[in-house]
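One letter stands for each residue in the lines below.
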Amino acid sequence: MPQLPHMPAFLRRYGTLIGFLAIVLFFWTQRPQTFMTLPNWVNITRQMSILGVVAFTMTIVMVTGDFDLSVGAMASLVGIVAGSAFQSGAGVGEAVALALLVGLAGGALNGLLVAGVGISAFVATLGTLTVFRGLALYTSGGASIYGRVIPAEFSSFGRGAIQLGELRIPNLTLLAALVLALVFVILRFTIVGRRLYAIGGNREAARFGGIRIARLRMLSFVISGLGAAVAGLMLFSRLSTAHPTQGEGLMLQAIAAVFLGMTMNEEAQPNVLGTLVGVLILGVLANGLTQMQIDTYIQQILTGLIIILAVTLSSLSQRGLRAPEWLRRLLSERRTT
Amino acid sequence: MPQLPHMPAFLRRYGTLIGFLAIVLFFWTQRPQTFMTLPNWVNITRQMSILGVVAFTMTIVMVTGDFDLSVGAMASLVGIVAGSAFQSGAGVGEAVALALLVGLAGGALNGLLVAGVGISAFVATLGTLTVFRGLALYTSGGASIYGRVIPAEFSSFGRGAIQLGELRIPNLTLLAALVLALVFVILRFTIVGRRLYAIGGNREAARFGGIRIARLRMLSFVISGLGAAVAGLMLFSRLSTAHPTQGEGLMLQAIAAVFLGMTMNEEAQPNVLGTLVGVLILGVLANGLTQMQIDTYIQQILTGLIIILAVTLSSLSQRGLRAPEWLRRLLSERRTT
Amino acid sequence: APSIAVMTPFLAQPGTQLMVEGFEAAAADKGWQVNVIDTSEDIAALVSRMEDVALQGVDAIVINVDPTQIEPGLQAAADAGIPVFGLDSGAHPLLATNVTSNGYTMAAETATYVVDRLNGAGNVVMFIFEPYPPVQKRGAIAQAIFDNTPDIHIMDAITPSFDNGPLEGARNAMEAVLLAHPEAGSISAVWAAWDDPALGALQAIEDAGRADEGIVIVGIDATNQARDAIARGSNFEATVAQDFSGMAARVADLVEARLGGMMSAQVNHYVPARLVTQADLVG
Amino acid sequence: MHLKIRRASKAYAGVPALIDAALDLYGGEVLGLVGENGAGKSTLIKLLAGLEAPDSLEARLNGARVTIPDSAAARRLGLRFIHQELAIVPALTVAENLFLNNPLPRLGGVFVNRAALYTLADEALRRLGIEHIDLRQRAALLSPGDAMLVKIASAFIGADEQQPLIYIMDEPSAALNQAEAELLYAVIERLRARGCALLVVTHRLHELFRIAQRVTVMRDGRVVTTQKITETSAEALIQAMTGANASQLPATEQVKTVPPAERPLLRVRGLRTDALVSASFELRAGEIVGVAGLAGAGRSQLLGALMGIDKRRAGGIELASEALQNPAPADCWARGIAYLPEERRSQGLLLGGRVSHNMTLPHLSRFRRWLAMMDRRAEDRRSQQLSHSVQLRATGIQQRLRELSGGNQQKVMFARAILAKPRLVLLDEPTRGVDVGAKRDIYRLIRELAADGAGILLVSSELDELLALCGRILIMRERRLVDEVPTADLDERALLSLMFAGAA
Ligand SMILES: Nc1ncnc2c1ncn2[C@@H]1O[C@H](COP(=O)(O)OP(=O)(O)OP(=O)(O)O)[C@@H](O)[C@H]1O
Ligand SMILES: Nc1ncnc2c1ncn2[C@@H]1O[C@H](COP(=O)(O)OP(=O)(O)OP(=O)(O)O)[C@@H](O)[C@H]1O
Ligand SMILES: [Mg+2]
Ligand SMILES: [Mg+2]
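Protein chains in written order, with the working numbering: chain A, 1 to 337; chain B, 338 to 674; chain C, 675 to 957; chain D, 958 to 1461.
The hints are simulated quantities; they were obtained by calculation from the structure and are not laboratory data.
For clarity, every value in this text was computed on a predicted model and none was experimentally measured.
All residues carry an ideal CB built from backbone N, CA and C; glycine is no exception.
Be aware that one or more of the hints could be misleading.
[To be verified] One-sided excerpt, in silico: chain B residues whose CB lies under 8 Å from chain D:
hint, residue
1, 514
2, 531
3, 539
4, 545
5, 546
6, 603
7, 606
8, 610
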């Protein structure tokens, strides 16, 4: 049998991970004193914690085969909401509760439109994205909220850390780890998780098979709305500033991270450990390239190329590592598409 | 047969169109002197021509079930490429040819990744988006290209018009109409068009049927790359300025337009006449709300709400207009999803 | 009442906000109806909206954007006979006037402040932004001044990523720079072309526990947030206050004059800016 | 004409599915291809169709070596296919679907010639005697049975061209009832008479004796024998397929039948949905009731209405004297109604999922522990048992459904239906594509369910199946339930005429 043994399967599942390690190794050799240090890694995890929370909860939405484009706008809006609450004299507890409520309501709106009304997730969340952004801009009058109105204990959370022996683990990192663990358990070990994957696998079959699709899709949007709200609060706390568009960049990055993670799964399904690697790839690239003092524009080019490369490699290895084939395929059209 | 007669079917197919007409009517009554005038409509069509070209060609990609997120970045890049060509002394012909070549190459790259390598369109074009944006920023050093280096005949095209009796039809409007006609004929009347729909409808069946899926998907990305390039040139010519991110807004808007258009089709398929209505809705909203001096932030909120409303209405009418039902559905999970 | 459209793609920027607020205040005194249009960094959309207001027939348009990039809009206004006023934009033949601070002097003031504080020697990190001409101009001037001081070395000229706002972008970039140069004293100063990246850099430095190394941070624009930072005696030492409301008031006066039939022959009107340090803020 | 296939081999991830298979097709002859589920029949056909890359394949057409890199190449060689899995494009019209694997009639090189398209499509359906399908309607609206008819018709487009072609059909009659199958046989016979070569895969052995001249038997990926049809018998074929003596197979009749309960388990009154005009009937516990009708008669819609898949417009359903008010499928499963839908790929299976996950899908809450966690060990244990009961041929319960043969996928669907000792079982064509041996197993399991007191409603297009299993048969015509007859008084001919009666 002219089949390669387990190598391709290994590469397929771990191709992206290997790519990640290669990137780490590269930066290590390039910046031996600074890159592979504990402080820098703590630093990277803190920098990625906010994107992480969004990407982890987005993973749940994507498991059911949907998207949530509104997360970035929601994160911004939540910052403005909490900021406005502070301005009108609310305490930290009240402001945070209000912010989470907004995230929940926004997620429920998305869920209602997608699962209830039956609009495609793309257009529904594109619509709510626009609405949330408009609301954030309108509420804030386009201006940032910062300064003395923000309680010190709120900002200190985002900059604080917990001392664990030698290690100072930033609060934000811990929070992201918590969300990661939660999502991991839900998707991997619970009945709900199994049902979510079934919906993503074949929606009609799931319904015929007695799964309450609408409720679960609704749930997944609520979770991602809450995730966006948590991320918005983290961003606000970290910067002590709420700007009405400060979360916008999160959306495409989170989706990219989930897609990178999907390459690490046999069935190309979203999975949260893969998403974690995706988030880390994006984080390490930004950190390492900046340390190497690469021009930001070239950083962008490289980031794009590396994403493409990682996905390409893991996709090619799925086809048994016969690289020239995919070129021939375009001409001869033999293989499975 | 207990089938309701044609009313719901009519509403379903024309719901979005009726929504569009309602919007027009509303602005007409609100701004009787200025809105429903010939110059204003000429104005709207010119304003929407650039988005139109992107959305029309994007329709083809979406017919096959793919996305192209890179169009906005490509449009920006193409402007910078043409601008740099002008800076190094190229003539209009050369610059335009070079720009189109870049669009073609970018589209081919997307096609290769998606159809050849087999990466999901979302992540592939997200990667190329980043690369194209980085290239545009890097080539231009982040600065705009404008001023005397741009030949007058190039800028005059974007501002010129053709006199037809009473009417002055802007060149840009004409160009967009041409692209519209072309895409319409391709999708509606040609063999290639039928095959594209087959691929989008059921990729496996299309493969069983011997359709060369990879080639056609490749083709669709090349067309959308070319469309983005044409749009980038139109933008450059209209503004006489090439800014490395000036096309970014096009992507989400184009996708929104195609989705709006999909509501006008029984099978919820992308169709270019629907896309046209989608583009016009976005254009008329921006124009009318500005004329009514609505705060720009509230404009955003309203635009989002109206998109959601249009799609919701047409989705509900597909279910026989019994509005409360979709609410119950969430609880009882009865209907087809 | 006369109806005035204020148009900008940059309303999210604090400086623009101050100007727009100032103009609205002045306009309210004069009894005008003001319509503020912000297109969130989309220049093409701004042109479209200019065409819309031109067709709708406002009495005047005030812009805060590089005029060379919106020529079709200016042309539409000119065709409709509507005067357009630049508010910190730039000069253009189709503009009635342009009121601005002198970007060259602002950059020179902060750069020379850095040179003086370092006694002419040290390593400087620059945060620049090429795409927006007025800010690009600042970077060029500052760079010229640093290059002209032989013992000042520019370690890095960073364009911060805007993905999560310039504050976060600058902060992440600065964290990486700090890690790449861990020795105390290896970074002498941060020069930022506007206040946001200066604030981001300040946060990074403070979080890294390197606030006591004497890194000098300067910005431009004197936003409230920057003033707070300077006032509390942080590493952020100086910024330049543009007189945004003064500029806005000046434009409002020019608009009023024009509506009254007076033409101004002078195209560029400069409103002076001044350096702000802790001394100016405390007490 | 002679198509000679040698050394056809294919392994998936090292596991051989097809080993050195050889086959000869001759003009003017029908070759039957039989074998148990998973024997490699479809794999062989996919190689011939250019849908899978072979590990080795030697093909000669009239002595000349040929290669088949893709479906277009297969077509150029004159090969025409009906694949096992339903492949239609819902968004295109019926006519366009008919031409999916045929070149569309052209106008001026690039345009579609619509007039010609509809004329030719109309001819194609006519040839199979199909009149109830509207060519201009979207294929999305077709029932799976009608969709299969369209798929079959599409293989015969251009059949009357001068040059005879090679037809390769993977279980073409699996979804057809006898009447429809007759039409198919007629077409096959006509093509054969014109000199075409045909290969027909089937699990209905009696079909072979009607249409085939020779028959090839596959077992475990190998061709074990090829014989003249006149020189073999059903028993001999079964023995060749299974490698065991037919008489050693467990007889289905061994399950003792218990008399059904008196009180009805299910009572249906005036049931109406958008796709079902009316139905009223009763079903008692322990009873197996059949539903017969032509394609499009509404049998599947009846089950769908009972399962809460289509919205009920009127009428009432009582399960054990308890009214079911507009239930969702989830509620039905929860109340002990099990359902095996007609179209396994679109309506039933998670193709990317594992065997065990597919079996337990509707029953996940039975494997709950620690509040919300999944008890995977219990799940695996139960799946293992069921795989055994239905004689599943898979590498294990961890295998992905996509990698199973069609018949084995169907067994997984059946296992799902019986996992939780259901009270009422709705079966829509449960043995479609299942081999003879496994069919017996399924019949036995159905009888056991009934003996345990479940009520069973069985939709089938195989009349002998209905007659053998059911005590009563409900007759459906034009989307209404029109009649109800005990099987004691019935034979196939009588049943068929009931199905047709009144149909214009
Ligand atoms: N994609 C795949 N990956 C792994 N194994 C596969 C794949 N496709 C088929 N197989 C295996 O190949 C073997 C032959 O399958 P095939 O579909 O040819 O059977 P078949 O004879 O057509 O059976 P049936 O009568 O059930 O349709 C089976 O054991 C099946 O599990
Ligand atoms: N919502 C609907 N409204 C009207 N007609 C419908 C609807 N849904 C399905 N039909 C039609 O009802 C008919 C009954 O389909 P059904 O699938 O129940 O038939 P069947 O007896 O099971 O036969 P088959 O073997 O073809 O599946 C089909 O012709 C189908 O096209
Ligand atoms: Mg098979
Ligand atoms: Mg049926």
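Contradicted hints - numbers only: 1, 8
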